[in-house]
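Q: Protein chains in written order, with our numbering: chain A, 17 to 463; chain B, 17 to 463; chain C, 17 to 463; chain D, 17 to 463.
No lab work stands behind these hints, which were simulated from the structure alone. Since the model is a prediction, treat every value here as computed from it, not as a measurement. Be a bit skeptical, because a hint or two may be false.
Same chains, same label: a pair holds when it works inside one copy or across any pair of copies.
Stated by the list, open to error - In silico DSS-like pairs for lysine-lysine, Cα to Cα no more than 27 Å straight-line: (1) K43 <-> K208; (2) K181 <-> K231; (3) K347 <-> K43; (4) K184 <-> K348; (5) K231 <-> K184; (6) K231 <-> K51; (7) K267 <-> K456; (8) K205 <-> K348; (9) K154 <-> K231; (10) K231 <-> K348.
Here is how the chains run, residue by residue.
4 protein chains.
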Amino acid sequence: MSRNALKMVTIGGGSSYTPELIEGYIKRQDQLPIKEIWLVDIPEGEKKLNIVGNMAKRMVKAAGLDWEVHLTLDRREALKDADFVSTQFRVGLLEARVKDERIPGSYGLLGQETNGAGGIFKAFRTVPVILDIVKDMKDLCPNAWLINFTNPSGMITEAIQQYGKWDKVIGLCNVPVMAMMNEPATIGKELKDLTYKFAGIDHFHWHRVWDNSGKEVTMDIINKMYDGSETGLPKNIFDVKFFREQLNQMKMIPCGYHRYYYRQTEMLNHSLEEFNQNKTRAQEVMRIEHELFTLYQDSNLDHKPKQLAERGGAHYSDAACEAIASIYGDKKTHMVVSTLNHGALPDLPSDHTVEVSSIITASGALPLTFGHFQPAESGWIQLMKNMELVIDQAAVTGDYGLALQAFIMNPLIPSGQAAKDLLDEMLVANKKYLPQFADKIKELEDQ
Amino acid sequence: MSRNALKMVTIGGGSSYTPELIEGYIKRQDQLPIKEIWLVDIPEGEKKLNIVGNMAKRMVKAAGLDWEVHLTLDRREALKDADFVSTQFRVGLLEARVKDERIPGSYGLLGQETNGAGGIFKAFRTVPVILDIVKDMKDLCPNAWLINFTNPSGMITEAIQQYGKWDKVIGLCNVPVMAMMNEPATIGKELKDLTYKFAGIDHFHWHRVWDNSGKEVTMDIINKMYDGSETGLPKNIFDVKFFREQLNQMKMIPCGYHRYYYRQTEMLNHSLEEFNQNKTRAQEVMRIEHELFTLYQDSNLDHKPKQLAERGGAHYSDAACEAIASIYGDKKTHMVVSTLNHGALPDLPSDHTVEVSSIITASGALPLTFGHFQPAESGWIQLMKNMELVIDQAAVTGDYGLALQAFIMNPLIPSGQAAKDLLDEMLVANKKYLPQFADKIKELEDQ
Amino acid sequence: MSRNALKMVTIGGGSSYTPELIEGYIKRQDQLPIKEIWLVDIPEGEKKLNIVGNMAKRMVKAAGLDWEVHLTLDRREALKDADFVSTQFRVGLLEARVKDERIPGSYGLLGQETNGAGGIFKAFRTVPVILDIVKDMKDLCPNAWLINFTNPSGMITEAIQQYGKWDKVIGLCNVPVMAMMNEPATIGKELKDLTYKFAGIDHFHWHRVWDNSGKEVTMDIINKMYDGSETGLPKNIFDVKFFREQLNQMKMIPCGYHRYYYRQTEMLNHSLEEFNQNKTRAQEVMRIEHELFTLYQDSNLDHKPKQLAERGGAHYSDAACEAIASIYGDKKTHMVVSTLNHGALPDLPSDHTVEVSSIITASGALPLTFGHFQPAESGWIQLMKNMELVIDQAAVTGDYGLALQAFIMNPLIPSGQAAKDLLDEMLVANKKYLPQFADKIKELEDQ
Amino acid sequence: MSRNALKMVTIGGGSSYTPELIEGYIKRQDQLPIKEIWLVDIPEGEKKLNIVGNMAKRMVKAAGLDWEVHLTLDRREALKDADFVSTQFRVGLLEARVKDERIPGSYGLLGQETNGAGGIFKAFRTVPVILDIVKDMKDLCPNAWLINFTNPSGMITEAIQQYGKWDKVIGLCNVPVMAMMNEPATIGKELKDLTYKFAGIDHFHWHRVWDNSGKEVTMDIINKMYDGSETGLPKNIFDVKFFREQLNQMKMIPCGYHRYYYRQTEMLNHSLEEFNQNKTRAQEVMRIEHELFTLYQDSNLDHKPKQLAERGGAHYSDAACEAIASIYGDKKTHMVVSTLNHGALPDLPSDHTVEVSSIITASGALPLTFGHFQPAESGWIQLMKNMELVIDQAAVTGDYGLALQAFIMNPLIPSGQAAKDLLDEMLVANKKYLPQFADKIKELEDQ
Ligand SMILES: [Mn+2]
Ligand SMILES: [Mn+2]
Ligand SMILES: [Mn+2]
Ligand SMILES: [Mn+2]
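Chain A on its own, in the form it takes in the complex (with noise of 0.2 Å):
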């Protein structure tokens, strides 16, 4: 590392999320010396990048830094000798977005991008651009750190250990951080005066919390999520309270996105609504990045504008800024990261990526453990990530059978024919990004 010289390289740097990104380096001016930011995008992004790209720079010249942003189109030339790849692009855009919303709703399923049969496509269109970035820093920036927070953030975390054998990553997600930012307060504390374990895998994770008197608190926060108190759902979860004797059971709090297989078919209901009515999320955000995009072309506005918030990836940025700094400062802090299990849950294989609490240090994330769940959730987490392996080793390989195999598991895809129909149209629909699947895809349109 170029310690006193740093490369910040973004893939995707023309997200509307950008902005926080910025903010959280000059948040963290002290704490990391940086001399380059380099937003790169794709050619169908160019024209955001700029935007967004200008109002970076306006961010660090009112910042007062002296920081240089470049924009590009050449991803190469931004990993040459980069210090720190984070990821924040979106394979197909929010195009593909609509798609893994719109057509499992077309069958009456939920559509979502990082649960049910969207998640698996998100991660199929995203796994084998992934990889090749990952031969493109081999070769181009060998000693840097990739922070993924592209979704779903633990597949692709996933994958880049497994297949594209690279170490030097950490995958990031923003639903730990909104629990840690709103449940200490409801329950009269404040986030430095508790400890929080979490575990699992992304979006599919329970913590447990403990004060500093070593009584663990985690029930209590389970009782205010009773009485109306705000414990930090992300904006695109839709809000359905998880049944309370479940909680009282299982002792652990759920993480937002266990709605999808705790309340099932009330997720799907609202999804189904929302499908009914044309109002889908990725339409919702498309509105959101048009109100955003026009902010930011706004040549006096030079600070992140609230209404970015009320996007689903709120504190995703921040989060990586903070495991950026926590990595080049090896300052030791609590963060809730995708990494090497390593036996923080002896109820998965150590050699597979978890979401769990880790210290994050120069040299990586070191987990804490957690030890063994209960059986249900046991049961639960064990299905999920075979489901997380199946689904990379179908993106790798293209094997349609793997990818029948994932949709089958799926607890939010009922089995059957017409799941099987859905796989196909998927396929077809996102033949552009789905190289893998060349073959099996010419077979469908040829039938």
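Given the coordinates of chain A, work out where chains B, C and D with the ligands should sit on it, guided by the hints.
A: Frame of chain A, contents of chains B, C and D with the ligands only:
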């Protein structure tokens, strides 16, 4: 064991399957020096016990054997000094099965007595009774073997071992038996020339097959499943084909019950069709039973009528006789039984029950190792086995939160308010047989 | 916990180490609102208790603190409502250590009190006493934390958790402390700029180190071990170099005690040399102790004398104070402690004690995952951990067969008749402290 | 496989054991349609090959069989289209064994060719050769089965699977065979009426036994070990009794080689006694071999002479024939073989070789599960298995650090400078057969 004068006890002796059991004993008269057969039932089953018991006496007599056949309502009298105890009772009789099938059906869910909500409740009703029997056995026949084929056979066997602390038990099912009876012919082979390796849990296992030249013939059998060959599906399971691409990837043969999980939609639709036509399996079974008991009443009938083969449980009793003969004679036969894992399936904990190819010796079942599953099957089996553990724990403790967790985990019950309502309705409807849930049921009734 | 008026209890308060403990408390007076310090000992230790206890009072007074220092022979009075209990007693006093060193020596074997035959007997004597203390704690101070530094610290901690069923325990050792005190300077670093990861069991662990740029510096430290740098070997261990080729392959730093296993012959020879010159460690310690207590008797002495640093256990008590302050203050300090594995070392069972880098919080130690060992270290640690389990089980049950198994497993005791004779001689010699082996000892005496 | 005209190949065909192998084939002539037997050896063994090869021809002829017996020095010619390949070669001939026994002896250490330093060097010499054979087999007879009884049989089998990536292999040893031949009579039983369960690794396993009423008779057999009954110790192992108290605790029967570990001192003393009298086993074997080859030269001799039974490896070849017949005939015989664990011993990794009771089918060995060991045996076996892995890795890579780690781990080699000197001396002494260590050996020679 009284090695030259065996006392065989069957709990649920009034079952229509008893003639198959008696026939099984008669076939093995050279292997089993039986002195007494005790058929035990409860007062509600007395009439059937007498009918089928007399039929059993005629069968024994017709075979020229001097075995004593005792009919009794006094379980403890029967268990005293027993050598082998087999269980084929149904708590709540067929009326309970009607509820297992019709209440879920009324919620638009699968009505089936070993899978979905019905299977869970069959376990809830049966576990307390079987633990009571084990308690009696510890007292009255501590050296006896317990051969369980009461469903859900795997969970009952698990409860006997984990909660009853009774190791001399073997759990049986006819599904592997029927596969091994029917599949060899489809590839022009005989069973004796093949090596079968089954692995999984009861009603959720897979198998692989090799011929006597060492060549794996699993895919050959799979291919035959698509040309109309009879591969041994029990009578009670609707036949919808597995997706060929799935099996090509899996390279194992799923059991018949996998249809509920791999073709969930089609199986549900078929179940609901029957539900809407008022012709669920329980009713079909009642019809067959009526027909069978009419036959059994014929004082000239002294052999098993062919109509018995129409019941889904055909070959169960014969498997029980074979297990008994193998234990008694230390025959080292290959059988597929529910027994302690002990490492045979390294993806599952070694101290819990699995259903696996085993060698049956005088000291019980010695499982053959199977090795690791691929991720898809590993995920499924870990979910399902853990669900069994949750169900058994709920059945023993009467903990409502655990019961709810089981409903939410079950892949055949979409989670949500309706699932909880279904749970509550079934608790109340099964009140008579669920003393462990008495408090919760009272609370539900009081609402 | 009485959060503003802590009651600290030390069993074995008459130890010569007590001034270090008191100094440790005084150093942390801002972190620990101590009200009472209770020093407990047995009648045989009363004289020392009074000497060192009065010294402690002077130290507290000199520090200008109003803490009450109580000296007592009544353990139950002391334990009543305690907040923290630390243990530094030695069952059988130094006389027992003499036997641990001299009886094996007379067989030509290593005489050492935490390894070989001596270590086994120290466990045999100590386990019953510590379990008795735990029993009192359950009764008198069920919310207290137990900080154990009585040796063999790992086995004692294991016994407290497995047999005492007491979870609020942390086991300590000064070996990791001294490594972290001395090694950084050898590579021109400070501890705060390094990340240490220790893994293993007490007196048999390894560690790896990274600097604050993420670079692993383990090999740099190893290289310094061969140029004469002081890397922190406790005073009681004879210094013979590890084979460099071995460490090059291992790429981890062994603990000082590994010398007994990696350079068995040289360590044995040195031990026997001392044995033959009648100068075993116990005798050396007696000399130091005598000197120390002479000093302590000086009513003008009110601070820890520098001579205490010559004892092998230096820094133990300070580590105990730091653990206490970390728990009390939820400091999330990194410490290396004996605690439940929980997956940190996936090569060892998750429900047993290991010594591992942990974050110390108000709810106890949270181990950092270490991941799998290479085969050589994996084999060693599995042998040693299982030996600990055998020893603890023998210590609890008094089973002679288990004691013999422990002797036979122990890599420092060549198995055979002499080993058995040694076992028998040590049983008889320790008769007074081994009630659990009473029957066997009687049998041996009767021969 | 050429199912009706088998080609059998034996590498090391000039061995004095060959007549036992030929006799084994002849005994199984009805089970094995042999067409050709190829005996292969190296030029140094040509003379013996001719003697024993002609003896083999006479044996076949005397049995009235038309099998072709080919003698060749061309391994590739022999391997072409082979069906079964068995290996009984000794790299470096008996001269190497002399070194394995005498060099350690000169250091006051055990001289034995499968345990201690000798066993490690036998592995170092043999692994490269067996991997070369496997390479030829991939090329010339990719469907053949490899039946290995070259020692150290377990490590060689492990190397074949792990490094040779060859799965169609079975490793054999005569120790379990002899136990099963001799033990039943001691308790008045026949083998066919007992169930044996062996578990461990080659030359380090235990077993338990049940009779045909299901009663465990392990302790009955153990009791007989103390009244002078012959329980099957191979001829090459000095007989010193196990400690009865140890076996009483263990409740398993150790294998003969456990003496080296459980009675280390006595075995070492006996070995040194022989060493000092210049009568190590290699020399004894040379004497027997000389006698045997003198017999074999007798052109009238056409059956296996009884003197062959005096060799330690008696029954190895017969076991090989039985394994071959079981594979060919899909006999599902119970045999104790080295094969992949697959969960049979859950204390060891599932993807490494263990020696375990298995059912031998046409598709190979199916291990029977054994379940967890108690802690003492668990610790031992984990040490020993990991030592095997270290030895194999050293044998493949020629890494001196790994070789040193193996020496240090080995319970029969006290670690220290002398152990390192021994390692170095043995490397140089075995130079001719250790190409993988060439650099290190040169370095040693240059010193
Ligand atoms: Mn996320
Ligand atoms: Mn069944
Ligand atoms: Mn220590
Ligand atoms: Mn052998």
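Q: What hint numbers does the structure not satisfy?
A: none
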